[in-house]
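All chains should be built: construct the whole structure from the sequences, respecting the hints.
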Amino acid sequence: MVKVTVDGIVVDVAPGSSALQACEAAGKEIPRFCYHERLSVAGNCRMCLVEVSGGRKPVASCGFPIANGMQIFTDTEVVRRARRAVMEFLLINHPLDCPICDQGGECDLQDQAFGYGADHSRYRENKRAVTDKYLGPLVKTVMTRCIQCTRCIRFSTEVAGVQELGGVSRGENLEITNYVEKALTSELSGNLIDICPVGALTSQPYAFSARPWELKRTDSIDVCDAVGTNIVMQARGASVLRIVPRINDEVNEEWLADKGRFVVDGFRRRRLDRPWVRVEGKLQPASWADAFSLIATRLKGVPGARIGAIAGDMCDAESLMALKDLMGMLGSPNIDCRQDGARYDTSRRDFYTFNTGIAGIDEADALLIVGSIPRQEAPVLNARIRRRFVDAGRGKFSIAMIGAPNADPTYTADVLGEGPDTLAKLAAGELPFAEVLANAKNPMIIVGHGALTRPDGQAIAKACWDLAVQAGAIRPDWHGFNVLHTAASRMAGLDLGLVPGPQGRDVAGMLKGGVDVLWLMGADEFAVHDIGPDTFVIYQGHHGDAGAARADVILPGVLYAEKPGTYTNTEGRVQRAFRAVMPPGDAREDWRILRAFSEVAGRKLPYDTIEALRTRMAQAHPAYGQAEHARPGAADTTAPQAGSVTVAATPFHPVIADYYLTHAVCRASPTMETCSGIYVRPATEAAE
Amino acid sequence: MSTQPTAPTGAEPTHFAFDAESEQQIAVILAKYPPERKASGVLPLLYVVQKQMGRQTGSAWIPRIAMDVVAERLEMAPIRVYEVATFYLMFNTKPIGRYHLQVCTTTSCWLRGSDDVTAACKKATGIKAFGETSTDGLFTLTEVECLGACANAPILQVDDDYYEDLDGPRTLELIEALKRGERPTPGPTIDRLNSAPAGGRRVLVDETAAKPQGQG
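Order-wise, the sequence lines are chains A and B.
Start counting the first sequence at 646; every next residue gets the next number (our numbering).
Start counting the second sequence at 178; every next residue gets the next number (our numbering).
Read the hints as simulated data drawn from the structure, not as lab findings.
No false leads were mixed into what you were given.
As a list, the in silico DSSO-like pairs of lysine-lysine whose alpha-carbon atoms are at most 30 Å apart:
1) B:K228 to A:K827
2) B:K271 to A:K827
3) B:K271 to B:K356
4) B:K305 to A:K772
5) B:K215 to B:K271
6) B:K305 to B:K228
7) B:K209 to B:K228
8) A:K1070 to A:K1107
9) A:K772 to B:K271
10) A:K1041 to B:K209
11) B:K356 to B:K300
12) A:K1041 to B:K215
13) A:K827 to B:K215
14) B:K305 to B:K271
And the structure:
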């Protein structure tokens, strides 16, 4: 450690740190525009000037390396005057349009102009004006406001891995642009809005909606993918107006995928806000009591084996637990949370978990991706893989894929083959990558749902596990077998046992008349049209989508923004979300609906409060009673069950056809619809 | 008001490919760099593009589609090529005239009469201001910073050639010659060799030695 004195405070900082980091360690706030912890250092805004002992002029602290015994002064007259001068230069070409700027109230330039700005301008010439750029439907540009910090260029190049933004021309004519009129092809483009320190890049869908000080902030968890991105719901009145990421270095750092951010305008559209019952083929509004008594009447005399339940991809663990218990009370073994028909061995948690952990990617030195396209299935996790790839340096983190990706993964990955037969070749050491895996200290294998949703899914999982054991990736201090989930509720569903019991039917078995009464909880992503014509369907959920259209009774549930809930991400991390807004109309929290119905059905569930329900969850699986998440190591290398189907040679298919339209909420969102029209449909049509 | 350095609509060709001569030059250029660092060749390759456009169309500029071709050849992101091509003023990102008249107006040239050179250029070509192209499409007039030939100020650079020690009338003459399709010999337009004194050598003059060379 290196000893540095900052304004008389002695701090120990790691060698190689910058003066700015030393100042932060000493608790001194250094104003900055271009510096960002998670991006490379550019040093071009000059706002972070400090004085260093022995130096003749102020230095930009963000790029100034510390040395032992260095003395840094952050608040001298020289520093203050220098920063004021820098601010004056920045404001020369910055428009005075704060009243009509969406960044107002959360603008770094506005805030720092308070500290270092002059009360008037000495500049008499014309201000520079810059034409706005087209960056797609999500990011709105007002380029005259740009102070050319180049954070957006560095973000898109380094983190998002799409080299599409740059600075063209020079001097006064320098412009940040993509040069071509083309939407940014990144699933992380929304983060540009967050990292832009001024109002040059703002949110297009949120434009002119609200001021930051009007918004009520609630911590929540994103359920659009299984990463469990930590988010903040920002609401005014009854509506969530925007979603921004919350920093969690273990999960999402400070990024959020576009779907999780911009799905918000689907929250109030196509909502189920009252119970409905089907009378003579038509859905009629009903009261909760009528709906419940109708279901109870229909259930009378139906044996448990003829009742089934399917849980959707966005459910919280509480409602999953309640559904599981309700089905137990009704004597039904037919329950499934795997709408996509994925096959897992659920006998041990590490057979279906992203065991390495998202933060564990930083320690890996070889990666094999089987039947997965992380860029679409988990964009934030993909950014982590990319960062590891870049940080490790040329050839230090080899990545191989099995299954041809239909999108650039943003890092160099060898495509070894298209189908699972390549795994056997790897195991036999026939491919050069086998050697890479064998020589790696911390190899990782990611199995995606492109593999697990096939009939031979379990056999592929076992082959991957065996390969991991062979590579020495499964040991007490490192677990290199990873399942990358796409559904936010899947981990909790598997943990809490929402899989068919003995002689129980899975999703496919419940269709085509396999059950007489089918309870859908937010389930829309399966072959709804295959439900038997005589099956009585109860749809409990928040959006009028495929499931609700088929339903005989609709029970209005609530969105993740409208209920406190527990979500488990793909690495098994149990996280809590809080209620941001009240649900519309008569909609109720899902576990309360199930609890209320159980009473009508005469089989009361034994919990009246969410705390009691959470205690029940902790009994069902120990992970739900622990406060801290521990990354699992592996004491036992016994492989998962291979299932009855042997590995076929057919190529893997991507699980996500359209990144922007994967669930009922985004299908209700006009923004997601626009994105799909711009990004996905032209590509699909071109391929046809 | 800053302007985006892109070509006006309609000027962009729909296709660009290196011709045989360019390919030959590219092979020489890329041999200088290790294969994984071939992006270093972006500057010379852009220059090759500009030269080829000059040969083929009579307008030595770099269309965007050609930058894409360079990016593909060097396996780099197109935006990185756009950045380079727009940074350097010697790359023309808009179509220019057949002859690129580059007048140096920095101190030495200005003191020695670059204003007359500029005025003569404007008069002979009908161009009103720097950055414009004459209506016949023959000339583009550009103001440039110091060309490093101060001893021979004022300078007019036509494409790659320096015409030195100019004044108004000789500039007119030069441009008229260019209009006729001639290429006068580059260099000083007065009686001197390179940057040697006007009228011949002034020192080390030995009566017995041969008469200094280069006298007109």
